[in-house]
Amino acid sequence: MKFQVKFVIFKISIFLTLVPKILVGVIVVNGKIEVEHLSKTFKKGNVQAVKDVSFTVEDGEFFAFLGPNGAGKSTTVQILTTLINATGGKATVAGHDVIREPEKVRRYIGVALQETGVDPDLTGRELIELQASIFGFSKVDAKTRAEELLNIVQLTDSAERRIGNYSGGMRRRLDLALTLVNEPKILFLDEPTTGLDPSNRMAIWKELRRLNEENGTTIFLTTQYLEEADSLAHRISIINDGEIVATGTPRELKAQIGNDLIALTFSTKEEEEKAERILKEHMNSGDVILQNRKLTVYVEDGTKQLLELVRLLDQENIEVATVNLSSPTLDDIFLKITSEQVEKEGEVHGE
Amino acid sequence: MGNSVWKDTWLITLRSVKTTLRNPFSFIPNLMISAFFLLVYEGGLSGISQLPMFEGANYLAFILPVSIVSAAIGGAGGAGQGIVKDIENGFFSRLLLTPASRLAIVLGPIIAGMLQLFIQTLLIIGIAFLLGLEVETGFGGILFVLLIAIGWGLAFAGYSAGVALRTKNAQAAQAGTFIFFPLIFLSTTFVPYELIEAQWLKVAATINPTTYIFESMRTVLIDGWIFWDLMQGVIAIVIACTITITFAAISAKKAVSRG
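Chains A and B, in that order, are what the protein sequence lines are. Those letters in the first sequence? Residues 1 to 351, per my numbering, in order. Those letters in the second sequence? Residues 1 to 259, per my numbering, in order.
Be aware that a few hints might be false.
No farther apart than 27 Å at their CA atoms in a straight line, the calculated lysine-lysine pairs in the BS3-like style are these [as the list claims (entries may be wrong)]: (1) 206/A - 32/A; (2) 43/A - 7/B; (3) 90/A - 254/B; (4) 254/B - 44/A; (5) 7/B - 139/A; (6) 18/B - 7/B; (7) 168/B - 44/A; (8) 139/A - 18/B; (9) 51/A - 90/A; (10) 304/A - 254/A; (11) 168/B - 43/A; (12) 7/B - 104/A; (13) 51/A - 254/B; (14) 269/A - 206/A; (15) 43/A - 32/A; (16) 294/A - 269/A; (17) 304/A - 274/A; (18) 253/B - 104/A; (19) 254/B - 43/A; (20) 280/A - 206/A; (21) 143/A - 7/B; (22) 253/B - 90/A; (23) 168/B - 253/B; (24) 104/A - 202/B; (25) 90/A - 104/A; (26) 254/A - 280/A; (27) 44/A - 253/B; (28) 143/A - 18/B; (29) 104/A - 139/A; (30) 51/A - 104/A.
Listing some non-contacts, in silico: residues in chain A with all C-beta distances to chain B over 12 Å [what the hints assert, rightly or not]: (31) 48; (32) 304; (33) 327.
The set of hints was computed from the structure by calculation and includes no laboratory data. Predicted model, so just to flag it, every value in this text is computed and none were measured. Idealized CB from N, CA, C, for every residue including glycine.
Here chain A stands alone, though its shape is the one from the complex (with noise of 0.2 Å):
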């Protein structure tokens, strides 16, 4: 009896002595971003880059951050990278916050910045390798994790020449191997394909697809490509000017801005503008933009309003040059977000 009593005991101190350990195998990291109320102003020039952004991106989702250039995105991914520090607000990236815990932040994720750059005097081979050892790998395992990331991103054929005779596409596949080379639960990846050709951004586009179907990889990708936004991720967050000025699903996106679209294009730039100031005065002035030459103006029912519009203008004796109905693209939406947002500022001003 009293031996058993030993033993039950002996029993749960060498299991408690086990659970720190047995936890640590089991917990699965969460490949969750959380950002709350986040703001970055630099110094310098005292520019306002990120001005309090906050949104979710699901363990396993795919997200895009969509704007024009100096929008506020790669300071933003710079901030959940742990490469700079915010100035307000909250980020938590994989359960662990991006400033008390950068160290813990950096074990899970994997990231390609458009300011990371290779060394161009090592090979592939051995760039991948050499990642893999500061990442903790033995000599062994780093080896055979880079001959099978060299596979996917197929490099096999160029792992022994100096990265400095690679293309700029096979640049860009072997940054995308060196992102993967810890299995990161979280791939931040700021704008992976601009400048590249649609061969080289279709094989980008489709290992993307992949990490994130078969591995369950959460994937932050920041572009400035709506199309590439459009076919890539579950969801989409808008972002002009530091702010995010709208998120949702593409379809829910599109959706906000009305069901089709009418282009109106005039030979003089004197009837562009009186169109533009007609048309606003007849109908929602935010569904009228006029932009590199063209008036956009979104409509409930393209093909009744079209005749009522052009009526309206020869009305006034402003000669139409060309009109075009369609269903409006990620594009038109994110002109019109965005111009509604200068229009809002313009009125804030003239206050």
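Assemble the complex: chain A is given as a structure, and chain B must be docked to it using the hints.
Leaving out everything else, chain B in the frame of chain A:
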């Protein structure tokens, strides 16, 4: 997951060494200049060692420190150039995004630069022996000369790494190495202090810490173990290293900080 600082430093240093070896033009010109100093000055100027102020010294032993310091400064400058290259091509940022120790990221290129300096110095001393160098204090003296070269190189490595980390710009780092010329030539480069004619050059040589490096090396090569003369070089190194390494450390902290 994750390594010790030592492992990280080892990995990153190894990679810097590899990169240096694959760019022979990053060290060959400096090595040539240093060897050139030795050959040309020995060939052209050795006659002046007949002057009484040289006290019968061998001119080869007199000019060798110039060549060594030139090799050391060039090698140590490689540290800064390695860092600037990494910053410019974005590899520095990539390393910052890994769990690698921040210290290792900065230290790797500096250690590689020091290794380069060490080998260049050895080569220069080897050439001097081929030319018939005789050392008053023997093997111990050569070790002392090497130590002084490394110490002075470390001070310069701190300077060049500091400039690199602060400016993050190759041109600026390159411009920073021009300090090489005043350091080497505004000193007792070719003749002993007593033979310098211009008053301004005498003042410059007194201020220039390289003078004390030259003098301590020459003492050990030509005269023997004269404690106080040797200490002057050591003190110059300690002061210079304290200043430049503090500068490098502050610049490094800024470069890897996330502010």
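Here is what the structure says about each hint:
no. : hint          : in the structure
1   : 206/A - 32/A  : holds (22 Å)
2   : 43/A - 7/B    : violated (36 Å)
3   : 90/A - 254/B  : holds (23 Å)
4   : 254/B - 44/A  : holds (15 Å)
5   : 7/B - 139/A   : holds (12 Å)
6   : 18/B - 7/B    : holds (17 Å)
7   : 168/B - 44/A  : holds (16 Å)
8   : 139/A - 18/B  : holds (17 Å)
9   : 51/A - 90/A   : holds (13 Å)
10  : 304/A - 254/A : holds (20 Å)
11  : 168/B - 43/A  : holds (18 Å)
12  : 7/B - 104/A   : holds (18 Å)
13  : 51/A - 254/B  : holds (25 Å)
14  : 269/A - 206/A : violated (44 Å)
15  : 43/A - 32/A   : violated (30 Å)
16  : 294/A - 269/A : holds (10 Å)
17  : 304/A - 274/A : holds (22 Å)
18  : 253/B - 104/A : holds (20 Å)
19  : 254/B - 43/A  : holds (14 Å)
20  : 280/A - 206/A : violated (43 Å)
21  : 143/A - 7/B   : holds (17 Å)
22  : 253/B - 90/A  : holds (24 Å)
23  : 168/B - 253/B : holds (13 Å)
24  : 104/A - 202/B : violated (57 Å)
25  : 90/A - 104/A  : holds (16 Å)
26  : 254/A - 280/A : holds (22 Å)
27  : 44/A - 253/B  : holds (19 Å)
28  : 143/A - 18/B  : holds (18 Å)
29  : 104/A - 139/A : holds (23 Å)
30  : 51/A - 104/A  : holds (26 Å)
31  : 48            : holds (16 Å)
32  : 304           : holds (54 Å)
33  : 327           : holds (41 Å)
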